[in-house]
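S.K.: Each chain, written out:
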Amino acid sequence: MNHSQAADLFIADEPRTDWHDETLWFVRSKRDIETKQIPEWEELRELASSIKGNVLSNLDNYLIEFEKNAQNNGIQVHWAKDAEEHNQIVFNILESNGVKKMVKSKSMLTEDCHLNHYLIERGVDVIDTDLGERIVQLRDEPPSHIVLPAIHLKKEDVGETFHKHLGTPKGAKDPEFLAETARHHLREQFLSAGASLSGVNFAIAETGGIVICTNEGNSDLGISLTPIHIASMGMEKIIPKAEHLGVFLRVLARSATGQPITAYSSHYHAPAKGKQMHIVIVDMGRSEQLGRADFRKSLYCIRCGACMNTCPVYRRSGGHSYSYTVPGPIGAILSPGIDMKKHSSLPFASTLCGSCSDVCPVKIDIHAQLYKWRQEISKEGHLPATKKYSMKVMSYILERPKLYAFLGKMGRKALGIMPRFLVYSPANLWGKNREMPKPPKESFREWYTKNKKS
Amino acid sequence: MNVALFVPCYVDQFYPQVGIATFELLTKLGCKVSFPESQTCCGQPMANSGCEADAKVVMKNLVQTFKDYDYVVCPSGSCALHVREHYNKLEQTNDVIKVRNSIFELCEFLSDVLKVKNIDASFPFKVGFHQSCHGQRGMRLSQCSELNAPQYSKVLPLLDMVKGLELITLDRIDECCGFGGTFCVSEEAVSSKMGKDRVADHKKNGAEYIIGGDMSCLMHIEGILNRQKSNIKTLHIAEILNGVKS
Chain A
1 MNHSQAADLF IADEPRTDWH DETLWFVRSK RDIETKQIPE WEELRELASS IKGNVLSNLD
61 NYLIEFEKNA QNNGIQVHWA KDAEEHNQIV FNILESNGVK KMVKSKSMLT EDCHLNHYLI
121 ERGVDVIDTD LGERIVQLRD EPPSHIVLPA IHLKKEDVGE TFHKHLGTPK GAKDPEFLAE
181 TARHHLREQF LSAGASLSGV NFAIAETGGI VICTNEGNSD LGISLTPIHI ASMGMEKIIP
241 KAEHLGVFLR VLARSATGQP ITAYSSHYHA PAKGKQMHIV IVDMGRSEQL GRADFRKSLY
301 CIRCGACMNT CPVYRRSGGH SYSYTVPGPI GAILSPGIDM KKHSSLPFAS TLCGSCSDVC
361 PVKIDIHAQL YKWRQEISKE GHLPATKKYS MKVMSYILER PKLYAFLGKM GRKALGIMPR
421 FLVYSPANLW GKNREMPKPP KESFREWYTK NKKS
Chain B
1001 MNVALFVPCY VDQFYPQVGI ATFELLTKLG CKVSFPESQT CCGQPMANSG CEADAKVVMK
1061 NLVQTFKDYD YVVCPSGSCA LHVREHYNKL EQTNDVIKVR NSIFELCEFL SDVLKVKNID
1121 ASFPFKVGFH QSCHGQRGMR LSQCSELNAP QYSKVLPLLD MVKGLELITL DRIDECCGFG
1181 GTFCVSEEAV SSKMGKDRVA DHKKNGAEYI IGGDMSCLMH IEGILNRQKS NIKTLHIAEI
1241 LNGVKS
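Quick note, the sequences are listed as chains A and B, same order.
In this text, residue positions in the first sequence follow the working numbering: the first is 1, and each later residue adds one.
In this text, residue positions in the second sequence follow the working numbering: the first is 1001, and each later residue adds one.
No lab work stands behind these hints: they were computed from the structure.
Please note that a few of the clues may not be correct.
In silico DSS-like links for lysine-lysine, alpha-carbon gap of 25 Å or less [what the hints assert, rightly or not]:
hint: 1; chain 1: A; residue 1: 173; chain 2: A; residue 2: 155
hint: 2; chain 1: B; residue 1: 1056; chain 2: A; residue 2: 402
hint: 3; chain 1: A; residue 1: 402; chain 2: B; residue 2: 1060
hint: 4; chain 1: A; residue 1: 432; chain 2: A; residue 2: 450
hint: 5; chain 1: A; residue 1: 387; chain 2: B; residue 2: 1060
hint: 6; chain 1: B; residue 1: 1089; chain 2: A; residue 2: 392
hint: 7; chain 1: A; residue 1: 387; chain 2: B; residue 2: 1056
hint: 8; chain 1: B; residue 1: 1154; chain 2: A; residue 2: 36
hint: 9; chain 1: A; residue 1: 402; chain 2: B; residue 2: 1067
hint: 10; chain 1: A; residue 1: 452; chain 2: B; residue 2: 1067
hint: 11; chain 1: B; residue 1: 1060; chain 2: A; residue 2: 379
hint: 12; chain 1: A; residue 1: 432; chain 2: B; residue 2: 1204
hint: 13; chain 1: A; residue 1: 450; chain 2: B; residue 2: 1032
hint: 14; chain 1: B; residue 1: 1089; chain 2: A; residue 2: 453
hint: 15; chain 1: B; residue 1: 1060; chain 2: A; residue 2: 409
hint: 16; chain 1: A; residue 1: 432; chain 2: B; residue 2: 1203
hint: 17; chain 1: A; residue 1: 453; chain 2: B; residue 2: 1028
hint: 18; chain 1: A; residue 1: 453; chain 2: B; residue 2: 1032
hint: 19; chain 1: B; residue 1: 1056; chain 2: A; residue 2: 392
Covered stretches of chain B (chain A as the covering partner; in silico rule of three or more C-beta atoms under 8 Å from a C-beta of chain A) [as the list claims (entries may be wrong)]:
hint: 20; segment: 1162-1168
hint: 21; segment: 1182-1196
Restraint-style ranges between C-beta atoms, simulated for each label pair [what the hints assert, rightly or not]:
hint: 22; chain 1: A; residue 1: 40; chain 2: B; residue 2: 1206; range: 35 to 45 Å
hint: 23; chain 1: B; residue 1: 1053; chain 2: A; residue 2: 97; range: 54 to 64 Å
hint: 24; chain 1: B; residue 1: 1091; chain 2: A; residue 2: 409; range: 58 to 68 Å
hint: 25; chain 1: B; residue 1: 1113; chain 2: A; residue 2: 179; range: 53 to 63 Å
hint: 26; chain 1: B; residue 1: 1163; chain 2: A; residue 2: 42; range: 30 to 40 Å
hint: 27; chain 1: A; residue 1: 165; chain 2: B; residue 2: 1169; range: 41 to 51 Å
hint: 28; chain 1: B; residue 1: 1205; chain 2: A; residue 2: 101; range: 33 to 43 Å
Here the structure is a predicted model, which means the values were calculated and not measured.
Where a beta carbon is used, it is the ideal one built from N, C-alpha and C, also for glycine.
Same shape as in the complex, but just chain A (with noise of 0.2 Å):
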């Protein structure tokens, strides 16, 4: 199914599309009031992204420190090339010490190499702490939303699914009460669980240390509970130096949802005594994005969400209607890279407003590559051939000013003396839910040979 096919079956439901729309734009509006608390906003943004530049450029080298400064604090790094070695790797630790469950907080990077199920399948439990994230995975959904996993879901939803799984009584909804239950049973997983996963938000070069924002807490609860912590890192997550935490942490939450800071920004530099600690870092495609020059700047992603919050599409289609784990506007120019067929059709769920360029906390051009993406699309032949043939026969059109006004005149002839029903035919999509514009008798060109040429 492509974008716009799943998204007319999230429209179908009006009230509930509007209701997603609303939730997310009062986290837009949150996230705008936050923002302008501080004069520097903007300067921030600039500093963000040149961090992250100069973290592109020197990637190598920032790696290859902190590996070697986390090594020294006594964590052992694993490097992982793809999904399956990444899968892989995180299997053996937990084999080789007879884990048989394992809690995880939420981490992207894990949902896309589908981390769970491959370790379901081989015996080890995993479940999953962040309340969102263990909504989703008790209805054997992925996430719609990378910062709100179980944001197209309702009180009622979630009420739903409690009662299935975790035997809540029927019909009740009241948050608190489902915020408890939720409470007591991943308690009951923490204590039992023989080891924890995290992603990772930042890493040091510098000191070879972790950096972990989150809200909840579960993130911090699962490390200290369980006597291995294994963290799952895109290798773009590095940073410099400790200093430059600061403007990141001040980017993240305000942009993400419009808190000044995230509850908890817990700090990992070394296993506490007795313990392993594991950090995997993964490539997954990150290279050979690193060596597109008009999508290199896509790696610069701090996985706020802001920019589906803001996407007048995303809000209205909701994170399930995208193809990829990442869905929303940074998702649509991530997936060409990694699966340009599959993922074909994202890039045009987009007006090309521009919203999510300027909201962006690091500054990617976003709408300018999903442009970029398009024509790379067309180029390897994945456009839908009508489009790709229409828009050939326009162009010809198009080059030939004469032509153009002979078949303008005849169109709107045409189309002022159809019935409507030849009009408003299933073929015309514009006219489903929109009047087409009455044809004029004369165009602009007709009137200006008329009444101005000299």
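For this one, chain A is given, so just place chain B on it according to the hints.
M.R.: Same frame as chain A, now just chain B:
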């Protein structure tokens, strides 16, 4: 001042009154305006659909048409933006560079080049202004809500000069209307929904007219309004500034 008028293809064919208003307005303001008839389209519909390569012949035709004028003025931020920004894909000959630098969106031209201080027009109605995204975030005709930067607009001061015009405040001041070129049919459901929501915002805040600087947004909005049999009407800003008879 030797000004060439670029009337976008769909305006030429479906909204000649917008071309006429632009022509008359610029003439009134002292420009010597001409309409070179070899013009067709800027090439954007094809290029935004991924067919930039096919569009190049159309883009070259535009450069050929307009290369000898001091200024090219276009009553569309979207088309002007395409020329200014995406003609970097053509070989950068002197002609291409000249046209890219001499093209202006109408309000930008009135504000930055002619520095208009008075407009002889009256429009005693409640008006919602729909900023086109390409005009705003592309041409930077006004400050967008995402940035924490000083407010400005090259458009609103012009509307301020129109007697009796009452500008309403929208809930979402710069939300996209959902037209988006071929997006309007390839993503019909999202496009229409965005259009409906845009219309609802204007309706809720009491607009009698929705006006804008891009007829493509307005064609889409008008299509939604007419389907809803709404009393709200659409007008291009050129028509207001030229003193439309309502």
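S.K.: Hint compliance check: list the failing hint numbers for this structure, sorted ascending.
M.R.: 4, 14, 20, 24, 28
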